[in-house]
Amino acid sequence: MSAVLEIADLTRVHGKGEAAVTALRGVTLTVTAGEMVAVMGPSGSGKSTLLTCAGGLDTPTSGTVTVEGTDLGSLSRKQLAALRRRSVGYIFQELNLIPALTAAENVSLPRELDGDGHREARALALVALEEVGIAELADRFPDDMSGGQQQRVAIARAIVGDRRLVLADEPTGALDTDTGEQVLRLLRARCDAGAAGVLVTHEARHAAWADRVVFLRDGLMVDETGPAATADSLLHGIRR
Amino acid sequence: MSIRQGLLALLEQEPMYGYQLRAAFESSTGATWPLNVGQVYTTLSRLERDGLVESAGHDDEGHGIYRITPAGRAEVADWFATPVGRGTPPRDELAIKLAMAVTVPGVDVRAVVQAQRTATLRALQDYTRLKARATDSDLAWSLVLDSLVFDAEAEVRWLDHCEARLARAARDGQSTGEQRQTVSVHQADEVRR
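Residue numbers (my numbering), protein chains in the order written: chain D, 1 to 240; chain U, 1001 to 1193.
Keep in mind that a hint or two might mislead.
[As the list claims (entries may be wrong)] Here are the in silico distance ranges between beta carbons for each label pair:
no.	chain 1	residue 1	chain 2	residue 2	range
1	D	Leu-57	U	Met-1100	38 to 46 Å
2	U	Arg-1157	D	Asp-114	39 to 47 Å
3	D	Val-13	U	Gly-1085	36 to 44 Å
[What the hints assert, rightly or not] One-sided excerpt, in silico: chain D residues whose CB lies under 10 Å from chain U:
no.	residue
4	Arg-119
5	Arg-122
6	Leu-175
7	Asp-176
8	Thr-177
9	Ala-210
10	Val-213
What the hints contain is simulated information worked out from the structure, not anything from laboratory work.
Everything numeric in this text was worked out from a predicted model, so none of it was measured.
Glycine included, each C-beta is placed from N, C-alpha and C at the ideal position.
Could you build all of it, start to finish, from the sequences and the hints given here?
Here's what the structure looks like:
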C-alpha cells in the first residue's frame, strides 16, 4: 500500500527562549492508503499538534510532512491551501458547520472554494451525504438536526470529493456511546475504501477501531500496538 | 449460577434437548463462554431434580426433550428481576502488580503501565474487529462483545488515571521512591530517543 501521509522526525516548538514549549520531539509516522491510525496520549502529549501539522494547519519547527508525495514545507501558502481543500479532510470536536447553510451547502462549500461549479459541487456533496447515511437531510439546516446528524454532515464535508487523508480530532466529543460508535464505523468504512485516517482520541474504545494505535507522551512516541495479527503472522508466532 | 438460569431462559422459549440448548446458548453469547454438552446435561438433571424442568419425551431421533415447569418460569422471571450482585472484588493481578510496582523501589512504573495499556488496546482492537463483523441480527452477541469492550476500556481508563497520579506525585516530590522512578523514566526516554 502506498503512503498517503509521511511524517519524518517532526519537532514542533511553540514560543521562544525561556517560554518555549516543545510539543513534539522527533516524531516519525507513516500512514498508508486504507490504514487507520489512532493517536492516544494524555493532555499535553502533543497529539493535537501532530494532527494540525499533518494537515498543514501548523508548521513544523523541523522535520517534514509529506501528503500524497508532496512535501508541505515546499508549498506556498496558496498551494498549501489548495492541497488542504483537495486532499485533506478534517473532523473536529467542534463541528464548525455554518448555521445559515443547509447540510448540502456546508458539504459542497470546500468544493466550490476549490473552483467546482455549483451543480458539480452539489452532486459531490450528495454522494458524501449518501455515504454517511443522511442523503434525505441534504436540504435541512444544522439547527434542525440532532447532534449525531450534525456530526455526519461534518464527516461528509471532510470526505467530499474523495479526499484521501482524513484527520479527526476527538470526533465523538459530545455524542452518546452508540452515536459515537456510528461515527467510528463511518471513519473505518472510509479507510477500508482506501483513505488514510488519523484519529486523535483519549477514548480507548474508539482508538480500537484503528489498525494501529500509537501512544504519545511528552511529545515522544513511546509505544504502539503494531499491525493487526494476520493468518501468516500468527503462524509465524507458532513456528517460532 | 448463570448457566442454570441461562438454560432455563432458553427453555422458556420452547422445549429442547441438550445439544440444541448448547447451540442456542453459544449463538446468544458468541461462544464467549463455551459449554460442553456434559455441563448441559448435568445442569439439566439438577434442574429436573429441583422441579424446574421436566422430561417431555423423545423426538424421532431419540433425543431426550426437556420443558420448563411453572416453578422454572417463576425462577427465570425472578432472575431477570434481580440485579447481579457485585460480591467481593475478584483478586485482580493487575491491581496487585501496580500496587507492588509503586511499593518496591527501582521499578519503572510508567513502563509497567504502558506495557499493560498496549496489551489491553490490542485486545480491544480484536473485540472491535469482531464487532465490526457482527451484523444487526447478532444483537445478543454484539452486546456480549460490548461488555468485553467496556471492561477493557475501564482498565485503560484506570491505567491513564494511574499514570496521571504518578506524574502528579513525581512533580510534588512526595517520596524519595517516586523521585527515583521519575529518574528511571527520564533515562528510558533518553534511550528511546
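Checked hints:
no.: 1; hint: D:Leu-57 x U:Met-1100: 38 to 46 Å; verdict: holds, 45 Å
no.: 2; hint: U:Arg-1157 x D:Asp-114: 39 to 47 Å; verdict: holds, 41 Å
no.: 3; hint: D:Val-13 x U:Gly-1085: 36 to 44 Å; verdict: violated, 54 Å
no.: 4; hint: Arg-119; verdict: violated, 36 Å
no.: 5; hint: Arg-122; verdict: violated, 32 Å
no.: 6; hint: Leu-175; verdict: violated, 16 Å
no.: 7; hint: Asp-176; verdict: violated, 13 Å
no.: 8; hint: Thr-177; verdict: holds, 9 Å
no.: 9; hint: Ala-210; verdict: holds, 7 Å
no.: 10; hint: Val-213; verdict: holds, 5 Å
Comparing the model with each numbered hint stated earlier shows that hints 3, 4, 5, 6 and 7 do not hold.
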